[in-house]
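Colleague: Work out the full structure, taking the sequences as your base and the hints as a guide.
Residue numbers (the working numbering), protein chains in the order written: chain A, 13 to 145; chain B, 46 to 696.
FYI, nobody ran anything at the bench for these hints, they're computed from the structure.
Virtual Cβ for every residue (Gly too), placed ideally from N, Cα, C.
Any given hint could be a false lead.
Label-pair restraints from in silico Cβ distances [claimed, not checked]: (1) 49/A / 208/B: 30 to 40 Å; (2) 66/A / 359/B: 57 to 67 Å; (3) 579/B / 65/A: 55 to 65 Å.
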Amino acid sequence: MNVFRASSIQGCPLAKVILTVDDSASIRQMVKFTLCDAGYSVIEASDGKDALGKLNCPVNMVITDLNMPNLDGIGLIRSLRANPAFKGIPIVMLTTESQETRKQEGKQAGATGWIVKPFTTQQLLSVVKRLIG
Amino acid sequence: MIDHRQAFQDEARELLVELESALLELDEKREDSEIVGRAFRALHTIKGSGAMFGFEDIARFAHHLESAFDKLRKGQLTATTDLINLALGAADQIKKMLGAAGGQGTADPNRSEAILTELHFLIGAPSGEMPPLPSASQPPPAVPAGPPREWRIGFRPAPDVLLNGTNPVRLLAELRELGQLRVEADTSAIPSLADIDPERCYLAWKMVLSTTADPSAIRDVFIFVENECELTIEPTDPSAPAPKPPTPAAESRPAPVAPTTSSIRVSAEKLDQLVNLVGELVTVQARLGEVAARRDDPEVLSVAEEVERLTSALRENSMSIRMLPLRPTFERFRRLVHDLGVDLNKQVELTMDGADTELDKTVIDQLNDPLVHIIRNSMDHGIETEEARRASGKPPVATIHLSAQHAGANVLIRVSDDGRGLNVDAVRAKAVEQGLIHPNAQLSEAEIVSLICAPGFSTAKKVSDVSGRGVGMDVVRRNVEGLRGTLEVQSKPGAGVTVTLRLPLTLAIIDGLLVRVADAHFILPLANSLECVELTAGDIQEAHGNRLANVRGRLVPYIRLGEYFHMETKRPDREQVMVVETEHGCYGLAVDQVLGDHQTVIKNLGRLYRNVSLVSGATILGNGTVALIIDPHRVVQNAIRSTAEKTRRQE
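Modeller: Here it is, written out as structure tokens:
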């Protein structure tokens, strides 16, 4: 088994798949770059609606922004939790507002955790590692 | 990072175009919340991503504008031409700042300040009231070196924690990365199988973490579930400073009191009473089970099952209370061996192993006399005088070895000496003299050896003080059999004698297998039963009339209990054969029907039936009838003997 190739090829069944949802291309790029480097496979979506359309394969984790056009993060979390296939997967929200209200809203919708923007690559990795290893 | 900065600059320029077009559209449709939302999001992203990639000045600037558009979005502010023009100017300023960061042109910081001042004037809020911009938080400081401290962590996640995507196991794994972790799962909240919802978490954990990390680092592991769990973190050493005050949800509980081993003395009589009562209870439980099965009422059945489970636990518990180690009994023999050695002028050393083997108190109490007798015999008859030992090249100090070990539901106690062994010819001659055997009888050595257990047998030339008072090994044998045990003597000429006592672990209640033969029920001790096999008519035919069962390629001879007990039974199409383990190897016992396991309270058969050796007792079944408890060893032994006799007669 060639582990090197396994982790670098996108969508390879051996790597854990993470869906990153953000309307900011640079954030998506940064998340993808960091996670791919750590051996995860990453799917990108630009908003909640886009994300739901790309969930035709199983994912191990979702990292989503909250403020997005079309379908925002809270709405995405709610529709994911309503789907039996994504009932128990970790969902992390990216928030610029570290205010409790927004965080609570997300948690009530079913988010597992949150990362407050701006964050460092280490912080991102430690959260991903905490939730899916 | 450089890569990301470039990506952000490209993205920000696109967003500024989007912002501009949104602002221009807004100028025409002042009330369109959709357009306000677009502008807000553009600024929001510029702010958020800007802070991510080190454009703090742009992020701070966009932050103020975003706040203004947030108010607009929430209807706390109305879009005015002034505001829109100001925002357009701000967009230009951001463009300049981006250029400056990219090394193209410069941005005037005073212009930024001017825009912000005007903005605050327009939205009517002094700049001081603007929400502060969060700055990129630094990664937590490296684990400070220092002596590790122990923390006691209690973690009980809310039952629906799994539904939020949290895997508690991962949290424990993360804790483990902080230091040495001992984890104990608290399973007390797990409901009965029928009530278990597989999507809920019923477990809690108690942990002790030895780490150099700060308590806040420990708390940080649980940050996502902080409000969905009971969490306590406290130092195991109470004198150490307490960690950060616990959150309201995490009331610290007092540390559990260290367990101390304590015991109470209870009179043996009370224990006997307890076991008797448990015995009665087991009998009643069997009746309840029978009634429940007949009623076929699920409610009653479930109660009966519960009662069965409880009685079984209660039985095991009360039996274990009566278990005592053999050591005190064994140790008492040291004095005996010493005193006898002085009397007989023989030097004997007593060695022992397995003295911690536990046995039912009743068994131990009744074991003393037989063991004393066996040891006396060994000292007196088995072990030679010092001179004789020297002459035969043995060490002058003789050894008697006492050992005990578990074997299934039995305990084997062995007494071996390194004496001269039994004189087979003398035993035989004596047996003939006492009329125990016919002078022409053909006996194997083992059979002759077993003769010493025959009633009234003694080979000692003269009656000594130590042994040979007319009570011989037959008394020992009867005592052991009274305990439902067996006695076996092995002798190696010149090398010594080993007496093996096989005793049941307990006398009162055993696990048995209830079987039916004709219209009678029997119990086979479960400890001896290996498996149950079914022989089809074809299998029986293949054996050509021999009572042999092919158990996975191994031939196991079997005995048909119905025939053996002269009961009228039709040979069934399928033979149910219980394979039992005996001292003579594996044998099968064919029965008509195997009914299931049965907690068996052993009742003695009474004096009249003392000579019945094939049955070790009786028990009362749920319907009040009696089932005999079969002793598989004896049945097999008897069958072997009678077959051997038959063969001999035929010869």
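Colleague: So which hints don't hold here, by number, going up?
Modeller: none
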